[in-house]
Each structure stands twice: as structure tokens, then as C-alpha cells.
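Once you've looked at the hints, dock chains B and C against the given chain A.
Protein chains in written order, with this note's numbering: chain A, 4 to 187; chain B, 72 to 171; chain C, 63 to 1051.
These are calculated hints, taken from the structure and not from any lab test.
Treat the hints with care, since some could be wrong.
Here are the simulated DSBU-like pairs of lysine-lysine, each with C-alpha atoms no more than 35 Å apart in a straight line [to be verified]:
1. C:K628 - C:K497
2. A:K159 - C:K259
3. B:K155 - A:K51
4. B:K149 - C:K545
5. B:K171 - C:K938
6. B:K149 - C:K938
7. A:K60 - A:K149
8. C:K537 - B:K152
9. C:K545 - C:K258
10. C:K497 - B:K152
11. A:K44 - C:K938
12. C:K259 - A:K60
For the chain C half of the interface with chain B, some residues (derived, Cβ under 7 Å), not all of them [unchecked claim]:
13. Q318
14. M321
15. E330
16. S682
17. E758
18. Q797
19. T798
20. D940
21. K944
22. R945
Computed footprint of chain A on chain C; a stretch qualifies when at least three of its residues, placed anywhere within it, have a C-beta under 8 Å from a C-beta of chain A [as the list claims (entries may be wrong)]:
23. 231-244
24. 808-819
25. 868-877
26. 894-904
These figures come from a predicted structure and were not determined experimentally.
Ideal Cβ placement from N, Cα and C applies to all residues, glycine included.
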Amino acid sequence: MAKANVATRDNPTSGNRLANASVSIESAPPASRISFRATPKGAKDFGKTLDLDLPVKPGQSTSKSTLSALWIGPDEWLIIDTKNPIDKLMPRRENANFCATDISHRNVAFIVSGNGAENTLCASCPRDLSLSAFPVGSASRTIFGKAEVVLLRTGKTSFRLECWRSFSPYVWDLLVDGAHDAHI
Amino acid sequence: MLVIHCPYCQADRPELEFANAGEAHIVRPDNMAEMTDAEFEKMFFVRQNPKGVNLERWRHIHGCGRFFNAIRHTVSDKFLKVYKAGESRPSDAEIAELMK
Amino acid sequence: MKPSGQQQFRVPGRGSRIGARSVSFSFDGKAYEALEGDTLASALLANGVHLMGRSFKYHRPRGVLAAGVEESNALMQISRDSARTTPNVRASVQEVYDGLQAQSQNRFPTLNFDIGGINNLLSPFFAAGFYYKTFKWPAAAWDKIYEPFIRRAAGLGQAPAEEDPDRYSNRFAHCDVLIIGGGAAGLMAAKLATRKKQSIIICDENPQFGGWLLSDTDIRIDGKSGPDWAAEAVAELAAMDNVRLLNRTTGIGYFQQNMMVLNQRITEHQSKPAPDETRERMWQVRAGKIIIAQGAIERHMVFPDNDRPGIMQASAAQSFLNKYGVAVGSQIAVYTACDTAYAAAFDLAEEGVNIPIIVEHRTDIADDLLAQANELGIRVITGAVVEGTGGKLRINSVTFAKQNGNDRETIDVDALITSAGWTPSLHLYSQSRGKPQWDEDTQRFLPGESPQECVSIGACNGTDDLADIFAEAAKCTGSRATKHVIEDDVSTMGGLIGATGSSADKGKAFVDFQNDVTAKDIALAVREGMHSIEHVKRYTTNGMATDQGKLSNMHGLAIASKLLKKPIPAVGLTTFRPPYTPTTFGSFVGHSRGNLFDPTRQTPIHAWADENGAEFEPVSQWQRAWYFPRSGEDMHQAVDRECQTVRSVAGVFDASTLGKIEVVGPDAAAFMNIIYTNGWDKLKPGRAKYGIMCREDGFIYDDGVVGKLSNNRFHVTTTTGGAPRVLNHMEDYLQTEFPEMRVWLTSTSEQWATIAVQGPKAREIIEPLVNGADISNEKFPHMSVVECKVCGVAARLFRISFTGELGFEINVPADHGRAVWEAVWARAEPLGACAYGTEAMHVMRAEKGYIIVGQDTDGTVTPYDAGLSWAIAKAKPDFVGKRGLQRPDLMSEGRRQLVGLATKDPSKVLEEGAQIVADPTRPIPMKMIGFVTSSYWSGTLGKSIALALIEDGNNLIGKSLYAPMADEVIEVEVTGTVFYDTKGERLHG
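With the rest of the complex left out, here is chain A (with noise of 0.2 Å):
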């Protein structure tokens, strides 16, 4: 059989990076992710299955190790893990319960993270992102510009940015653009 070289993932931003003073910038490398929809006893059984429980209250999201489940609505979680390959993750069988839906490549994610983080997002962010508003753990799908995205705090200053592929190049510019006055 001819093989073709898919040992590697490629996005439109693989590599990109960029740091300056107030804020670093760069293209996550790929991870495996499942958009997991779910009655609450669905949600349950799967926490169980990956040792993690999947957050019920809105807006949060649990992590352990390389692996973070995030609330996305009220039936819907991104379960991302930045190392084990999607197999791994998916659950064995259909369950009337639950779906998941490997969507390893439909997203690619960007770090933002340093003092100008948040003054980076809120460029193009029409949310509240201060750290009391939106808590370091805090998840959520909003808008970046004209790309819906989805965002999560890992830390006081930094934030995992998810956006679907073909919008990376697009989130990369505004990323770039709001860098640009992260310091003020």
C-alpha cells in the first residue's frame, strides 16, 4: 500500500509565534478533541471512563494531566487532551446516552499568555475577561472578531484560544494586532 507522510499534523499556523514585552503568542501543537454531547447521565459515565469528571456548572471546565473537559452548553463538552492520540479518548461503543464526535482537526489553538493576555484578547473579545469575571478554569465558546472560538483560562495570564482551522490565519492576525497594544 502507498503510504503518504501523515506522521505529522499540519494546520495554517503550525509554528506560528510571536512574543513582545507584554504578551507571547503561539500555535498550540495539535491535540486530540471530541465535541461531546450528552444526556447528564452520559456526562457521568464518560467522566468515568476518562478518570475526569466533565463540569457541570456553566462556564468551567476540570483538567488532569494533559486532559481538560470544558462546559460548553448545557448538553456539550470539548474534551481536549494536548498528548494522547484521539483512539485513545473515543469512547468503545454508541451509547443512547452520549455522542462524541472526533473534531481533532476541525480546531487549532493558539497559547496567549503574559501580562497582556487579556489586554491581547480584548482586542477583538467583547467579553469580560478579568480575572474576576472570567477565573482562571473558566471556559467558554464567545466570538474573537468575526471567528467564533472557544476560550479557556489556564492560568491568571494565560488562555488557551480554540478556533476552527481554516479561521487560524485570521485569529493569528487579530492575535497579532491586539499584541501590538497589549501593553496599555
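Chains B and C alone, transformed into the frame defined by chain A:
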């Protein structure tokens, strides 16, 4: 830009995350096929578009993704109430109370 | 005194704003010196230059009126280079920087001698309503005379012709308290609010915080001068983490739910801005509470010839003296109806400026003012009016008399400062949808109830006394009042709205300087039937210039009210609209331009297509490979070759942009039955089906092939542009009409790269790459789907065709898309296959009569109209559109139906959109019975092909119709929609 309270996220969110989805409480009957032309016209084409209190649907499309209902005053743009899809229409008395 | 042109009007020891460093600038090409901190207006005045512009309509010489944003006359063109040139900049706002170049506007050839000044002599013809009355007839004159005239006259200054090279940015911000205005009221409110641990943004449109405190040198707050107190307050606030101080930042618009938009100007005052520095920043601030401390604006007096250079607001003269150390003249008369003008006069007198007269309109004024005037040797005449002024390019005399006309006197002056009292700035309050209330006692509008979480304090709330202002600041922040010793606060008693003098006066008494509206114009408008202030405003253009009537609105209203014999509130106040001050387009656009204007989406295979010479076309936000020209080929030749290669060998096509939705759950099939017109119960896992979805009204909404992966899981495809709305449509039905269904929808459009391989050799190309599936014709017939591996990665392989040939679509995870494409290409190219683009795809699908939703349908086409009745499962009890399709007009005979058209001359290709008629000999307008939706040259068939929506088309097959074009009538024959392989044998190959 409005701030809209999403009843599923239980939080205020900027309007940019939402999409308006037209008038609320228009029931699609189970027996669609048996509707008369007049009933179909009313159900599909006729809308109130009031000046004042409007019962409307929104979708938190760039947020939790859920459709929900809202009572908004179209002059002041104030949201008097938001509630989840499927919850019953507030009574006129309740709406009058919210107006106060 | 220094010689002319060397800041001879600079007053040493005054000027809280200016530094010692000299800067040089030019005005109309002439070089001048200024001091750091000067505005363009103060710098010109320091050099004795009062003539700064020409008025819009009459081209009258004008000088600066104000020291702030309300300036209406001194509008200038400020240029750094040809791309950075800004018209209509107020000289009183523009800070001077080294090398600044300013040009006066609205004059030819020079400011001193302006040919347009003849308009002034012709002014009887330019009265209110002139445009409405004049440009009505004759009609032929409109484009020859009137429009060119108006176009030349319209607008002041020149817009740059080049692209703006500067950076503009946007920032969303949230805070507990937003304070607009950093004068005494705003600063005190900020100081008190910080104690509540609230996050605070305070902005001021000026370079420095302090507001009027910077112009009033007499007042003492706890023993400190105004500028000192302000500087200390700013230092205190700047040291706090929870306070953001924004100077040079204007609150331009107040929107719903306490959204305030601020415009921050960052480099306008810099001599050499860093090349990548942000020029302006737009702040979209959502505040828990907004404190408006906008202050008040002094009104000018309305009297004959009140517009000569050298006539200005008393407060402006005081600001020029105390902020910038500039005396606005050496022989200055005062005309006032308000106490504040005395402070200006006294300050000037203390610096040795001769104040020959204070013409006081009121009869009673406070004794202490008279006593102080007396002490300074200033003569005051009460109950008096200014009847006129003299001078050409600068005032040189003033004529005044008692109000009864007695004691007329003319004296020589080189400046006249006036005050008709203060207008509280209600702009932002009004934009918050508040209703200003008329205060009869003080004859002014004041803020009423606040419909939002907002409060007005200080002068904009009609509170003028500093002790009261501090008390308001305490109250609005919920703080205990702080105690202060306030000395020498100035009285703001008095005021007058409307014109002084009699209607018999000669000369023009200007109400609105920028639009040249006089008191007589307003009277004329009232006489001609304009009884609402909104009508008066539009008829006279009063308040419609770029200053938006900051000076003129109240005067205009009072004049109209008097003539109408109606109280002012009954005549009404015009609506204040954002922006508060003129704001650049660059600021509104912000970063949304160039590549940030809209996302441009590219597929995982885009780079390969680019490297291989593809031309691209935009399809919604996507860029798609359109065709792949080889050297020497034009588009037509490339597309012909691509089509014929696919039909004879094979082609590879990037279909990644197709929308994909995963429909999953125990009720997935039931849900599909609702959304699609087709039936889904009988479809077996591993099989695919073409589906149509309608809206409730029965019209086609979208289409696409759906593969059933398992009993619970469908892989749905949508059109490229339709993906988001189809998902929304499905979610709507699922969440709100069928919430009991256990189904979940997930967009997977971007999870998969989709590589279509089409043509007789398609199987030969991909077979060696596929693992885990038998793709033989028997095991994997047309309309099949299988999960397998392609090139070693998990794939969803479809056997489908949009060309009519044997075809496959390989879906692989997007990050592997290019690698797999290259592996396919490595197999395809040696076999003689080609890469093809969307144009060839369009031609081939049209040859097969496959529709494109949105091209062959337009939202008024039913599946029946489109010849897709086979896709409607009539037996289903319900589906979206079932009832709509039963509407009488949708079931009636003779609707427009999709048919094929063959041109009688096969070489003629119809234009898409061309109208079709049955009888081209009828007179125009002849009846149109349909139009062409798709039309191509088919190289394969050697003739043109077209699809069209034609009334009763199905019954016209074989008949001749006509497409009347500009230069010919093209005869066509109505045919079926399938032009190639009508039996459909090839796709089963």
C-alpha cells in the same frame, strides 16, 4: 450593543454572541399536514412586530448554542425576562408586572 | 512687545498648559513659533493671527471663537504627508507639534483675498431654504449647473486620496464606573469611587485633566490652585491599580445598557510618531455605572456682525490667557449677559490689557463685580446692547448703546469677547435616551431622570458652584461628603438665549457660524411655516454643521420660540446623536481592514493548488481553486481540458469546503425524516443518498449527499455557503420543535479534507491507497460509504459523483489533507488525470443536470419545480415543508420549472440571468417567462448548454423560445435537464 442574559449560561453575555430568531411561541402543530391555508398563513407568515413588549426568540449561537425566549421592550431595548425554550409563555398579567 | 509674528501676544507668567520649549509650525505656508503645549489656535493668537478661516456659505472671514471642541470657525486641514491629511480639524483642539502644517479651508486663492467672498454680497439670494427653493427648476439645470456647483461647494477641506497608512485599534473594556470628563466634578468622583475598590475608567477629551480648573487661576481648593489640585488628583489616581486614566479621549456615543464608545487620539499631537504606533483607539466600554461630567459650553452673543475675527467667547479669551499665556488682543471690549465674562476681563486687565468697555446686557448686576471693575478702571455700561462692529479681516471697532438706543458710541478695539451664559452639555445624557427637562428659573435644559445606570454631575447637570459639585460627586459615588475650603469661586449668574437688539438692525447676527445661519434666517423659516424645531433646523441648517450646534442650538430655539409665541419646551429640543465630536473613519474601522476585514478561509489543500498554478474564486468566505491553467491556456481552454480529461481519464478535485454535519443518536433517522423531504428509514448503513431540505414554506433550502455510517450516525453534507445556516436550521427544529428526540448535531466541516476523484480511472487511482475496504463495483456500488484507511489514516470514503462519472470522495482528517492529496496526485498524474477546479465541476454537473442550490434555485423553487419530485417521500406523515408544498400556488399549473435550453446556434453561450420570452416580436416591455440560471460551453458535447427556470417549462420541451439580448435575439430549444449520458450509465462504471 446589548447585553443579554442567557438562561442556560446563567450569565450576561454580549449581543455579538447571539442571533435573533424571530417571534416566540409560534407553535408548529403536530398535524401540520391538516392545517388549513388560513392557519398555515397565520403560523408561517404573520408576525406581530410590536412597538413595545415583544416576545422573541434568541439563540446563543456563539455561546452555549441554545435557543431561548426573551421578553424585550422594542423601544427601550430592555430585556424584561429571559426563559428557556419550552417554558410556557408568561401571562399578560406577569408581563404587566415586569413592565413596572 | 515683540515684533509681529514672534509670539508678541504671549503673556509671561501665565499659561498652566504650556512649557518653555519652542516648536515651529506653518500656517498657509508661513512659518511661526509656538510653545510646547499650545493648541494651533493659541499659537496663532500668540502670533497675532486671528483670521483662521472662511465661512461655508458666505465665505466671510472668520477667527477662532472658542478654546475647545465647540469651535465652529477655525477649521483647518492638518497634514503630515499626502496620505496623512485631515480636513476640518478644529484649531482650538489640535495641539501644535514641531513641523505641523496647517492650511486654511474654503478660500481661493488666499485666506486674505477670497473670490468666494462674493457670496457674501449675494447673500440676499442665499437665505434659509435657498437650496430647496432654487434647485427645483428647470430640471435640465440639475446635472449641468446645480449639481457641479453643490459638489464643489459641499464639504470643507479635502479628503486624502491615498490609503490611510496608520494603525487604528479597538478595545473592549469593562469597568464598574466610567467617568466622562476629568474636570473638578469627574476627578472628585473618581477619587471617591476608588475608595470603594471599584474598577474605574476616567477620560477627558483634552490633553490634561482639570477641565475649567486649568482656565481659572483665581480659585483655591484647600489652599491649592485649580491646576495644582487637578495635578494632585491625577497623580493620586494614576498610582492606583484599579483606575485607568485616558486623556485625549472623547466619549462619543452612549448606547444601550451602559455601553459607551470612547475615541482615543494617541499620535495627533506628536511631532514624529513611531512608525507602527497606534494613531487612534476606539474603546467600547461596558460600565456598571456611568458618571457624566461633560461640563457646559459658553454661548456667544447674537448681534449684528458678531462674526468678525477677533470676536470670541469670553471663556475662550480666559482660557487662552490662563492655559496658554496668550492675550487675544490689546484693546478688548466685553459684551455679556453673564457674570463669568467679568472674570475673563479682570484677568486680562490684570495683565495690562486695556479693557475699554464692558457692555452689559442686564440692568442689574452684583455690586462686587462693579466694584472690582471700577478698581481695575474698567467702564461698565448696563442695560446695553452691541449694535454692530467694524473691520474687515479683523474687528476694529464696536458700536454699542443703551437698549433704548440712547448713548450710542463707537470705540476702537482689536477684540471683543462675549458671553451669553452657559449651556449644560446634555449630549451623552440625551443619547442615553434621557429626556432633558426645561428649567424655567435658569432658562436651560437640564438632565431629567436617567433611563440607564447613569448620573450627570457638575456643570452638565446645571451645578456650577464648586462646593455643590463636590457634594454631587460624593452623592453619586455613594460616599460621605468630604470637606473642602473653597475660595474665590466665580459666579455663573446670568445668561441670555436668543438675539439681542432689534430686527431692524443692519448686518448679520450669526446664530450658527459654521453654516452661516443668522437670526433672520430662523425668523424667515418660522414665517414660511416651520413650526417645529426639527423643521427649522433642516430648513435653515442651524446646528447641522460638524459642531452639531454646540453653540447655536439654544439660540436658534429661543429665537424660534419667541416668534412662535410658544414656550421653549413646546418648540422642542433637537435630538443629540453620536458622535459627540467629529470622529475619523479610521477610528470607526479600527483593525477591520485588509486581511482583518473578513476571514478568508482556505482548505488544507489550498497551498498545493496555489503552488500548482490554480486561479481561485471566492465562494462565501472560502477561496476555492477555480481552474488550473497550464502554460498558454486561457480559462476557457483550461476548463475544456479539465472537463474532457475527467470524462476520458479522471480528475482530482478539492471538495473540502462542503459543509459537513454529523447527525447522531437513537432518533437520528427520525430526525432526518423531519428535516429532509426524502425518507431515511430504508437507508442501510454503508449507503448514501442525495437529500433535499425545504423550509416550512416548501421552497428548497439546501441539498447534499448523506451517508449512513451506522444506525445512529449520519454524515450529512451541505453546500459550501449553506453550512452554518443549515446547522442553525437543524438545531432550531431539534431544540424547539422536537426536543424529545435523542439526537446531537456536530459540525465536522473542518474536521475533514475532502478529495474527490472522478472519472473512468478513479478506482484505479485510489484502490492501492485504500485499506480496510473492498471498493470494487460489486461491493462498493454508486452511493456507498465506508469507514476505512486511506494512506494509513482513518477515512470516510464515499462512492458518489457530481460529474456523472465513476467517482469517489475521500474524507481524511484535515491536518493530513495535503499529504493524502499528494499521494492521490502521485497516482493520478502518471495515469493522465488532472486536477480540476470549481469551473470544470460546474460545467460537468450542468451537463448532468445536477442543480446548485442558490444558482439554479433562488428561494422560490420547490423540489417539484426543480424536477426533484422523486426526492419527496409523500407518504411521510410530516417533514419540514410538507404543508407548505400543499399551498395552492405551489401546486398550481404553469409554475416556473427547471428545464434545459439548447441554443439553435450551438456555438452561442447564453448569459446567466438572460431573460427568456416566448415571442420576441412583441413590443418592449415584453412578457418574460423565465430566465437562465446556469450556462456553459460544454467542450465534451461541443455545444453550449444551459439550465433555466421557465413558466410551464416541462410542457414546453421541444418548443422554441428566445433570449432577447442587447444586440441580437438568441433562439433556444427547451430540452430536458440532462445533456450528457442521459441514461446515467457512466457513474456505475
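Note to self: Check the structure against each numbered hint from earlier and tell me which ones fail, lowest number first.
What the structure shows: Violated hints: 4, 5, 6, 15, 16, 26; rest satisfied.
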